[in-house]
Amino acid sequence: MNEQIDIIIAKKLSGEATAEEMRELEAWLAADARHKAEYEQIMKLWQSDALFSTQSFDTAAAWQKVAGKTITTATPERQKTVKFPLWGKYLVAAAAILLAGIFIIKPFSQTAMVEIAATNDNIDIVLPDSSHITLRRGSKITYPEVFAGHQRNVSLDGEAYFQVARDESKPFVIDAGAASVKVLGTSFDVVCDETTASVKVTSGKVQMTSAKNKQAYVILTKGEQGDLKADKLTEAPITDSNFLFWKDKVLEYDSQPFSKIIEDLSVVYNASISIDLSMVPQVTEQQITISFNNQSLEEALDELCLVAHCQWQQKGNQYVIMAK
Amino acid sequence: MPALENAFKELFEREYNNLCRHAMSYMQDSHLAEDVVQETFVKFWEQKKDLVDSANARFYLITAVRNNCITALRKQNSSGIHFTENTPEPTPEPFITNRQRTEDADEHTRKIQAALDQLPPKCKEVFLLVKLHGLSYKQAAETLDLSVKTVENQMGKAIKTLRDFVKAGAAISFFVLFIKNILFP
Numbered sequence: 001m002n003e004q005i006d007i008i009i010a011k012k013l014s015g016e017a018t019a020e021e022m023r024e025l026e027a028w029l030a031a032d033a034r035h036k037a038e039y040e041q042i043m044k045l046w047q048s049d050a051l052f053s054t055q056s057f058d059t060a061a062a063w064q065k066v067a068g069k070t071i072t073t074a075t076p077e078r079q080k081t082v083k084f085p086l087w088g089k090y091l092v093a094a095a096a097i098l099l100a101g102i103f104i105i106k107p108f109s110q111t112a113m114v115e116i117a118a119t120n121d122n123i124d125i126v127l128p129d130s131s132h133i134t135l136r137r138g139s140k141i142t143y144p145e146v147f148a149g150h151q152r153n154v155s156l157d158g159e160a161y162f163q164v165a166r167d168e169s170k171p172f173v174i175d176a177g178a179a180s181v182k183v184l185g186t187s188f189d190v191v192c193d194e195t196t197a198s199v200k201v202t203s204g205k206v207q208m209t210s211a212k213n214k215q216a217y218v219i220l221t222k223g224e225q226g227d228l229k230a231d232k233l234t235e236a237p238i239t240d241s242n243f244l245f246w247k248d249k250v251l252e253y254d255s256q257p258f259s260k261i262i263e264d265l266s267v268v269y270n271a272s273i274s275i276d277l278s279m280v281p282q283v284t285e286q287q288i289t290i291s292f293n294n295q296s297l298e299e300a301l302d303e304l305c306l307v308a309h310c311q312w313q314q315k316g317n318q319y320v321i322m323a324k
Numbered sequence: 001m002p003a004l005e006n007a008f009k010e011l012f013e014r015e016y017n018n019l020c021r022h023a024m025s026y027m028q029d030s031h032l033a034e035d036v037v038q039e040t041f042v043k044f045w046e047q048k049k050d051l052v053d054s055a056n057a058r059f060y061l062i063t064a065v066r067n068n069c070i071t072a073l074r075k076q077n078s079s080g081i082h083f084t085e086n087t088p089e090p091t092p093e094p095f096i097t098n099r100q101r102t103e104d105a106d107e108h109t110r111k112i113q114a115a116l117d118q119l120p121p122k123c124k125e126v127f128l129l130v131k132l133h134g135l136s137y138k139q140a141a142e143t144l145d146l147s148v149k150t151v152e153n154q155m156g157k158a159i160k161t162l163r164d165f166v167k168a169g170a171a172i173s174f175f176v177l178f179i180k181n182i183l184f185p
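Protein sequence lines, in the order shown, are assigned to chains A and B.
Just so we're aligned, residue 1 is where the first sequence starts under our numbering, counting upward by one.
Just so we're aligned, residue 1 is where the second sequence starts under our numbering, counting upward by one.
There may be inaccurate statements among the hints.
What the hints assert, rightly or not - SDA-like, lysine to any residue: derived pairs with alpha carbons at most 25 angstroms apart:
# : chain 1 : residue 1 : chain 2 : residue 2
1 : B       : K160      : B       : Q113
2 : B       : K49       : A       : D32
3 : B       : K157      : A       : D32
If you are wondering where the hints come from, they were derived from the structure by calculation, not from laboratory data.
Throw the hints in and build the complete structure from the sequences for me.
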């Protein structure tokens with residue numbers, strides 16, 4: 001039995017379990033409180049990043065190396081040998097120095113801009129300073145190929161999560177439509193368009209300034225959000241703990257009412273979910289601690305119903321939660 | 001950059017880290033792991049350029065990295081040279097916030113990784129493909145040339161390890177509580 005249940009748990013966590021196996025798991029969980037505790041801890045481990053070495057590799061540097069051997073390899077030109085008289089050699093050397101000077105100065109005067117639009121999926125981007133950006137689907141970002149000058153300037157239209165590499169001598173500045181966001185090295189989420197902007201900070205310190213009125217700014221720290229709406233800049237603690245769902249596909253609830261979780265699921269999965277009248281308030285208002293990690297709506301509902309002791313049905317486009 | 005080059009760059013940026021972690025599980029040395037992965041990408045560009053845009057690119061790369069690691073290890077062994085990890089501890093990433101861990105949590109992480117390292121090689125491979133790369137059982141089975149049933153069993157083994165780990169943890173914390181109650185009633 002034990003071996004079988006391990007196989008089923010593995011399938012459940014990998015999103016491979018059949019309905020039959022879900023029922024078996026449910027029965028096993030109900031059989032003993034210790035089972036449930038074990039299962040929850042396994043799930044936690046599974047969803048944490050403790051299972052693998054979290055060592056991270058320098059993708060930007062590696063890309064330079066690989067790009068040099070692949071996409072930027074030009075076919076070498078055939079070398080010509082021309083004989084010069086001795087004085088000619090000096091002339092050539094002088095000309096070479098002059099030319100080199102021009103080529104060295106040239107790239108700095110004009111930096112090429114890179115524009116990336118995430119059309120089909122979120123995109124992970126590593127900037128030249130090894131800052132990481134996750135660009136949300138439907139958003140666009142522009143940055144220079146090299147961060148010359150005394151600031152690291154990028155511009156964003158849409159939503160992105162930034163993990164900015166620390167460089168105190170070169171502030172990182174995001175032109176975010178209605179606002180300007182300035183940091184030294186932190187991580188935070190930005191949503192913006194022409195008229196509104198919202199910044200949620202997950203670590204460090206961020207300065208958010210209105211693009212229209214440079215005098216209006218707020219300083220945000222971990223767990224705070226700044227919002228710019230109708231030219232008004234406000235700051236408040238972050239209340240929506242799942243604001244990174246678009247990126248991580250993780251929803252976490254710590255003792256939240258069942259009805260709120262259902263509400264959230266319908267928003268993030270863009271589905272219509274209703275609670276059947278057969279449900280008593282003891283069920284709909286119970287506090288639930290649960291997390292969903294990269295699961296389909298069906299799997300999320302399976303799990304939620306398992307914990308909340310109810311069931312769900314799909315009727316056309318509508319999902320209905322009902323009593324057991 | 002032309003579309004194909006761009007797609008190649010995106011593919012690289014998306015998969016590089018995970019492939020390196022995967023390679024680490026074989027090479028045990030981060031420099032060697034990175035070398036293998038970079039070399040694999042170069043070969044991929046030379047030989048399979050047309051796959052860059054396809055959904056198969058990932059599977060191809062995963063399989064190629066695995067094979068290249070095994071080849072590299074064979075060569076290493078036959079030449080009698082043994083490499084050891086000589087890179088310093090990676091500096092903690094300053095930008096990853098939801099992973100901030102305390103000292104003892106790291107101890108916890110080390111223990112669980114050590115436990116997983118005791119798994120048989122086949123089981124580890126299956127686990128890497130499913131958990132690290134997020135492949136489905138079917139995709140993992142095809143990549144490793146196994147049956148889906150075998151993948152199921154191997155994943156079950158991995159979960160057993162996690163369960164034993166969790167159980168042991170529960171026993172210890174119970175024991176601590178027990179001692180505490182005796183000493184400080």
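Each hint, compared with the structure:
no.	hint	result
1	K160(B) to Q113(B)	14 angstroms, holds
2	K49(B) to D32(A)	54 angstroms, violated
3	K157(B) to D32(A)	22 angstroms, holds
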